[in-house]
Structures are given as C-alpha cells and as structure tokens.
Amino acid sequence: MTLVERLCIYLAKKINSERTISGLIHILKGKKSAQSIQDSNVYGIQQFYSLFPSNYIELIEKTYKTLEKNNIFRIDDNFIILNNCNFNNNLIEDELWYKLLTNKLSNENAIIFWRRLNLLIQVSSNYFNGVNQYYPVCNDKPTQKFIKKFLTYFNNKSDISNYLYNEIKTSLNDLPDSYNIIFVKKLTGSKVYGESLYQIASDLKKEEIEVYLIFMSVLHHIMDSCSTHKDSFPVLNLLLKDLSIQKLSKSSCETKAMLCKGFGIDMISKVRKLKTNTIEDHIVEIVHQDKDFDIDKFIDRNTSHKISVAIKNANSLKLREIKKNLPDEISYFQIRLVLARKEESTWN
Amino acid sequence: MELKDQLYKYFGYEIFREGQEDVIKAILSKKNVVTQLPTGTGKSVCFLLPGYMIEGLVLIVSPLLSLMEDQVQQLVVKGEKRVAAFNSFRTESEKRKILENLQNIKFLYVSPEVLQSNYLIEKLKSTKIALVAIDEAHCISQWGHDFRTDYLKLGPVIKVLKYPPVLALTATANNNVMNDIISKLELMEYETIIQTVNRKNILLFNETFNTTVEKNERLLQIVSKTNGPILIYCMSRDTTKNLYEYLRDNNIIKCAYYHGGLDTETRILIQQQFMNSQIRVMCCTSAFGMGINKENVRLVIHYHIPSQIESYVQEIGRAGRDGNLSFAITLTQPNDFNLPYKILKNEFPSREEIKVIINNLLNEQSTQNISEVHVRVISYYLEIEKENFVNLDEKDIDFMADAIYNKIKTRIKYKENKINQMFSYISTQQCRRAKVLEAFDEQLLIKQQHCCDNCGSILEDYFENIDINNNLNNLNWEEELTLRLF
Ligand SMILES: [Zn+2]
Numbered sequence: 001m002t003l004v005e006r007l008c009i010y011l012a013k014k015i016n017s018e019r020t021i022s023g024l025i026h027i028l029k030g031k032k033s034a035q036s037i038q039d040s041n042v043y044g045i046q047q048f049y050s051l052f053p054s055n056y057i058e059l060i061e062k063t064y065k066t067l068e069k070n071n072i073f074r075i076d077d078n079f080i081i082l083n084n085c086n087f088n089n090n091l092i093e094d095e096l097w098y099k100l101l102t103n104k105l106s107n108e109n110a111i112i113f114w115r116r117l118n119l120l121i122q123v124s125s126n127y128f129n130g131v132n133q134y135y136p137v138c139n140d141k142p143t144q145k146f147i148k149k150f151l152t153y154f155n156n157k158s159d160i161s162n163y164l165y166n167e168i169k170t171s172l173n174d175l176p177d178s179y180n181i182i183f184v185k186k187l188t189g190s191k192v193y194g195e196s197l198y199q200i201a202s203d204l205k206k207e208e209i210e211v212y213l214i215f216m217s218v219l220h221h222i223m224d225s226c227s228t229h230k231d232s233f234p235v236l237n238l239l240l241k242d243l244s245i246q247k248l249s250k251s252s253c254e255t256k257a258m259l260c261k262g263f264g265i266d267m268i269s270k271v272r273k274l275k276t277n278t279i280e281d282h283i284v285e286i287v288h289q290d291k292d293f294d295i296d297k298f299i300d301r302n303t304s305h306k307i308s309v310a311i312k313n314a315n316s317l318k319l320r321e322i323k324k325n326l327p328d329e330i331s332y333f334q335i336r337l338v339l340a341r342k343e344e345s346t347w348n
Numbered sequence: 001m002e003l004k005d006q007l008y009k010y011f012g013y014e015i016f017r018e019g020q021e022d023v024i025k026a027i028l029s030k031k032n033v034v035t036q037l038p039t040g041t042g043k044s045v046c047f048l049l050p051g052y053m054i055e056g057l058v059l060i061v062s063p064l065l066s067l068m069e070d071q072v073q074q075l076v077v078k079g080e081k082r083v084a085a086f087n088s089f090r091t092e093s094e095k096r097k098i099l100e101n102l103q104n105i106k107f108l109y110v111s112p113e114v115l116q117s118n119y120l121i122e123k124l125k126s127t128k129i130a131l132v133a134i135d136e137a138h139c140i141s142q143w144g145h146d147f148r149t150d151y152l153k154l155g156p157v158i159k160v161l162k163y164p165p166v167l168a169l170t171a172t173a174n175n176n177v178m179n180d181i182i183s184k185l186e187l188m189e190y191e192t193i194i195q196t197v198n199r200k201n202i203l204l205f206n207e208t209f210n211t212t213v214e215k216n217e218r219l220l221q222i223v224s225k226t227n228g229p230i231l232i233y234c235m236s237r238d239t240t241k242n243l244y245e246y247l248r249d250n251n252i253i254k255c256a257y258y259h260g261g262l263d264t265e266t267r268i269l270i271q272q273q274f275m276n277s278q279i280r281v282m283c284c285t286s287a288f289g290m291g292i293n294k295e296n297v298r299l300v301i302h303y304h305i306p307s308q309i310e311s312y313v314q315e316i317g318r319a320g321r322d323g324n325l326s327f328a329i330t331l332t333q334p335n336d337f338n339l340p341y342k343i344l345k346n347e348f349p350s351r352e353e354i355k356v357i358i359n360n361l362l363n364e365q366s367t368q369n370i371s372e373v374h375v376r377v378i379s380y381y382l383e384i385e386k387e388n389f390v391n392l393d394e395k396d397i398d399f400m401a402d403a404i405y406n407k408i409k410t411r412i413k414y415k416e417n418k419i420n421q422m423f424s425y426i427s428t429q430q431c432r433r434a435k436v437l438e439a440f441d442e443q444l445l446i447k448q449q450h451c452c453d454n455c456g457s458i459l460e461d462y463f464e465n466i467d468i469n470n471n472l473n474n475l476n477w478e479e480e481l482t483l484r485l486f
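These protein sequence lines map, in sequence, to chains A and B.
Numbering of the first sequence is given in my numbering, commencing with residue 1 and proceeding in unit increments.
Numbering of the second sequence is given in my numbering, commencing with residue 1 and proceeding in unit increments.
Hints in this document: simulated from the structure, not taken from any laboratory.
In this text, all values refer to a predicted model and were calculated from it rather than measured experimentally.
Errors might be hidden in some of the hints.
[Claimed, not checked] Computed cross-link-like contacts, EDC-like style, restricted to lysine to aspartate or glutamate with a CA-CA straight-line distance of at most 20 Å: (1) A:K62 with B:D263; (2) A:K62 with B:D238; (3) A:K141 with B:D238.
[Stated by the list, open to error] Okay, the calculated bits of chain A under chain B, using three or more residues with CB under 8 Å as the criterion: (4) 91–104; (5) 174–182; (6) 191–200; (7) 219–231.
All C-beta atoms, glycine included, are put in the ideal place defined by N, C-alpha and C.
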C-alpha cells in the first residue's frame, strides 16, 4: 500500500463514518469554517487541518476514488463507510513525521515561517558572498516586506549566515539524517537554488507526498524548538514574530470580542444581524480553540455532566445519537459545547 | 555620449543586436515605430533604453501577467526602483499607491484590461508620457495567432492620451498582421522596422516515428549526444512529467519538468535552477521560456507538433541566443497530427452551448459549470452582437446564437488553416527554412551551408560525445547546509 493510500484510509477511519469526503477535504484544505475547525478537533486530526496545498488535495481525492473502486470502503449518502477494515492506525501514528506534526503552531503559520526562513537564508547567503543581484526565491510581498524590516536588526548582515547555520544545526541534531537531508535540500543559497519536492522525491525514490510530510514535520520541529528554548534560537525566534496560534474565522473573532464585552447571544445576533444558530456555531468554534474560554454562561454543571454520560453511552460522536438519550430541554448547542470542551482524547 | 555607451552604461552590453539600434534611433527622433524583431533579440532594451534618455513615463502594455511580474522583478534585481506593475494582481490600495506616486515612476507596466479604468486614464492624462510600448502587438490583430479583445481598446486610449509616441513590438507577424496592427492603433505616421524571422544559427530537423517507444529512444539518444541546455516542448502537462521520469530512469540526471500547474515556489525553483545550470534538460509546456533568457540553449525539441508556426518560431527562438550553432528538431508520429485538431475543438463552444451561455449571461445566472474559456469567448461576441437586437426574446437569442456561431466557425477555419500550415512545414520535402520564411511573407535569398535536413544536413554529424556527470554529489546534510548558507 502506498503512503497516500494509508493516509486516506487512516483519515477515513478517524472520522468514523460520520463525515463526507468533502467534509474531510475541507479540513485538509483548511477551510475557515466553524464546522471544519471543529471537526478537525473532535476527530483528533487537528494536525491535518490546512496541511495540504491543492496539488496534494487532488492526489488525495483521486486516491479516494481508487480506494472506493477497490471496495476498501463504500460511499453511502456521501458518507465514507469503511468495509470491515482492519487497518491499524499505528501505520500512520508510529511515523516520526506524525509525531512531529504537533500543531502547536498551525500549518498556516508553518508555511509563513517557511517563506520567511527560505528568503532569509537566500538573502543572508548572498550577503555573505557579496552578491547583490539575484532572483528572490519567494515573491510573496508580505514576506519580502518582513525580511526587509528583519534585516534592519543586524549591523553586520554577512554574519546572519553564521547564526542561522548554528541554530538550524542545533535544532536538526535531534532528528535523523534521512529527515534532515530533505529539509536542507529545499534551501536556496547564493550558489545553488533549492530542489523542489518532486526532485528530492526522485532522488530518494520516495513518494512525493511523503517528502512533503517529512518536510512539514521538520518545519514544525524547528518552530517548536524555537518557541520552547527561546534563548538558544535568538535569530530563528525573530522569524516567529506575529505568528499567532489564531485559527478562528474572522466572524467568530468578532463574536468573541462581543462576548468578552458581556453581550449575550441574542444581543449579538441582533447587533450583527446574524441568526442565533450562527452565533452558537461561533461559540463552539471559540471553545475548541480557546481552552480557557468560560462556558458556564451557556451550560450548568449538572447539564454538562448529563451530556458527558450520554456521550459515553452513545459510543458515537454523532449529535443525533447523543441527543436521543437526553431530556428534550437540552439543546444541540449544549451538546456541542460539551464535546468541544472535552475533545477527542477524553473519549477514546 | 554615443548610443552604444548608453547601452553599456545601463545594461552592460557592448553591442546592439540586429534591429535594436534602428528602433531606438527612430524612437529618439519622436517617430511612431512598428517593428518585428525575432525572439531572442532583446525587445525590452528597445523601450527601456530610450526611457532613460527621454523625460517622462514609459507605459508598457503587456498581455501576460506572469511575464510582466517577471520583467518588473528583473528590473528591480538590476537596481531600478522606479518601476511598477499595474494589473489585476494588485489590490485596490496598491493600485492607488502606484497612481499617487506616479511622478516617481519611470517604467509602468500595465495589462491591457486595466486601461479601461477611468481613474488610471485620468492620471495618465496629466502625466508626461515619453513612450507607449506595446509588447506582443500582434495580439491586436484577429489575424494574429494570439488575438486578445482587450488589445482593441488600445487605439482609443492612445487617442485620449493625445497621441504620445508609440512603439508596437512583435516577434511574429506576416504582412496582414502588420497592416492590421497599424490600422487598429490608428497610427497616421509611423516607421516600420522589420528584421527577418530567419535565425541563421538554428538548424532545422524533423524525424518521424511509428511508435512512441522508438520516438522516446531517439529522444534519449539525441539528449545524450548534445552538449548544453536543452528544452523539450510537450502539449500536455502529464507528458512533461512522463518524459522527465523516462529520462531520469535512463541516467539523464540533471533533468526537470515544468508546467503551469506547478505551485509558485516550485516554478521559481525550477526556472532558476535552469538559469543557474543546475538543470540541463527541461521537459516543459509552452508555459516555460517566457521571460527566461538563457543564452546558450543548444537544442529545442518539439515532442508534439505546435498548432501554429508562429508559436513554433517563438519556441525554437529560445535556442542559440549566443549566436552559436543550435538545433530545432520536431519528433513526430502519425497520430500526433490529430492532437492539435482535438485541442482546437475543445477551445470553442458548440451551437447549443452558445445558447445556454447567452441565456445565462443575459439573465446574470451563474456560469459556474461551463468552461471559463467558452464563457469568455461568448461574452466578447455578445457585447458586439447585443447592439443589433432590441427585444432579446427567445427569437432574438436564437438569431444571436447563429450570428456568434458563424463568427466562431470562421475563427475555427482560420485556426485549422494555421494547423495545416504547421503540418505542411513538418511534411515538406523542400527547405524548411524557406517554408518558415514563407509563412511570414519573406523569401530565403541566400542558401546557407548549415540549414536543414532537406538541404542535406545530418543531425549525427553534429553529435558530440559528452561526459554526462552522473555522480550525484553525495553530500551529507551538514555539508549541504554549509553549501547553501555560505
Ligand atoms: Zn534548408
């Protein structure tokens, strides 16, 4: 079985026949909707949220079609139902890259961090060699602006290469050579342009998507090292500036701000001219994202306990199944709040 | 200072290429210029150098966004800060900033569609304009191989700007197209400067095969016996990847593939690796090459037949810019002859589809499930046809669909002729060079010693034994990190 096939089956198994393929694809693409963000948390696949750019999404969609044809699963009313599959999750979860994709900083942030690092290395290597005409490896305007400003922190710009070398090497020393070579070959310096993922994959005779996953996992590892041992990575740490863990949709941010000012759900829905349902979606999203957000306003301890019990008994994360075993006055919104607060880890 | 010294001062070149000096001199004497310069002769020097010598703004109209971005980037790399691109990539606030800062800009690149913006035109009207340079000017002609409706609005714009000096540039135009450019731009007085499309140092070959296996084996042989950078043009993205894998499996290591479907980062890396000679053999679609100026490309192979001789001439023109002997080879198979027709067929909508699209457009319904290319074609024709009808009822719509369908049929016929012309180049028994020139209303006056297969040149005579350095430098990751950081 190829890695991409294993990955597809793994994800299908994680969502437990409770979501459609397009629901899953939204997660992988990183759709900024309350539903997708919430799903990625509930089903314990946060690290896959917004992990894949469009070319890999296409590959994954194609693989799902092949797997369906081969009867690995069937599509029932758009839901993915695995056919008595004895797939072992460890085939994915034992992989080092899986363990490194901690999602402490989101994948979106990892990409921004990469663009900055990529350009900075090229710029500093060219400073080191006294070259001042070259084609920038990243043409993203915000990144170029960031690096321009970044450079003003340094008096002697040809020193930056040295700092970067030491910090990157320190961080990579924790990882196996087979991972490091992939990451390092992507880098562009004054003398050589970096290799693309498909070239590295051909050289190593690996699937391209595996090379990509390893590359992303090394990025996360470097970011984690920087944020946990700030003192050892002074330069790389500067590249993390303004990267928040913020994963909320814009609309939910506004709702959150109003909640913090003491507005209630009905008031917010009136002021913002949105349905109360929508505001409730926002709140569930906020609870997922912010572990310390206070939900006592919306649900009392007793109700919360009842719902927890019902979830255990239902043995499913489907709302309808859970609601069946609860008194009518308990709303779907309250069930979702409890689900959001406890998160997947508690249920397994 | 002499013109030559100016060239050296601003670009670091010692001498002009053929045609450049004539064009620049004509511009400096305030003439309108319509010029055909073959690809690879450095068209941009023709408007950049006068720009440095005349007071005022140089407005450059360019049809391809990515190419425009690339040209701006290259100027910035060379240290020119007074340059900007005004196109649909820019946000509203970026556009406003450019316009507020217009007096500090020397070279403004614009896409033709933004010239519709009144705000931009108003700003330009109060700016001193040194020159309007129109790149790829054949796009204005419906006889051109790359007709773009946006270009038709250039004539009126020049009028509104009170006739600043105009430079219309093209690499590939026959007499019809040249005349069309002049009339559509409404130029009263002008000078035409035409360079031959003949690239003397490029030898022309065609080889025919019965099977793909034979074709691939020959491709491999040619690639292994040619020194220097090689471009292999294919019609489909999948083919570029398949050929890449085939060549890699056969020990052609410094090889890559490139097409428009790759992500931006990969595209930049591959292009620059090629420029930097990390890659020798590039399997690509026509998306590769624009804005890439590598002097020593030795060989351009066409693995599929292009659908018009203009594209062919443009693509082989990327070989031998250093003036050294170079090669253009078409590798053909009998069933290759179907492909261009098939692509053409998909390019235009059917009669039924036309009607559906008209209805959707008139009722402002979504055209989401319909090919974007088709919608664009129809909405262009619809704009023109709408004026002829009043009621826009069912009957009118039927008439309109017929009218548009007839226009499209003419267009298809025209394109079919183009394909036939390309095919007759492939299957000719006569001199290929003469055949190319004929397509551009030129005649081959002097026979060349190195010319084409039909004139007796044999590819094998030019084969070289090359040392393909296959030892991948097996550096460990720490050494690679050092290589890239220092
Ligand atoms: Zn000949």
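Hint by hint, here is what the structure shows:
Of the supplied pair hints, the one linking K62 (chain A) and D263 (chain B) holds, its CA atoms being roughly 19 Å apart against a limit of 20 Å. The straight-line distance between the Cα atoms of K62 (chain A) and D238 (chain B) is roughly 15 Å, inside the 20 Å bound, and the hint therefore holds. Annotation: proposed proximity of K141 (chain A) to D238 (chain B) is violated, straight-line Cα distance about 31 Å (limit 20 Å). For the segment 91–104 of chain A, the stated coverage by chain B is violated: 0 residues have a C-beta nearer than 8 Å to a C-beta of that chain, whereas at least 3 were required.
Three residues within the 8 Å Cβ limit are the bar, and the segment 174–182 of chain A against chain B gives 3, so the coverage statement holds. Residue count for the segment 191–200 of chain A with a Cβ under 8 Å from a Cβ of chain B: 9. That meets the three needed, and the coverage hint holds. Taking a C-beta to C-beta cut-off of 8 Å, the segment 219–231 of chain A contributes 0 residues in contact with chain B, too few for the three needed, and the coverage statement is violated.
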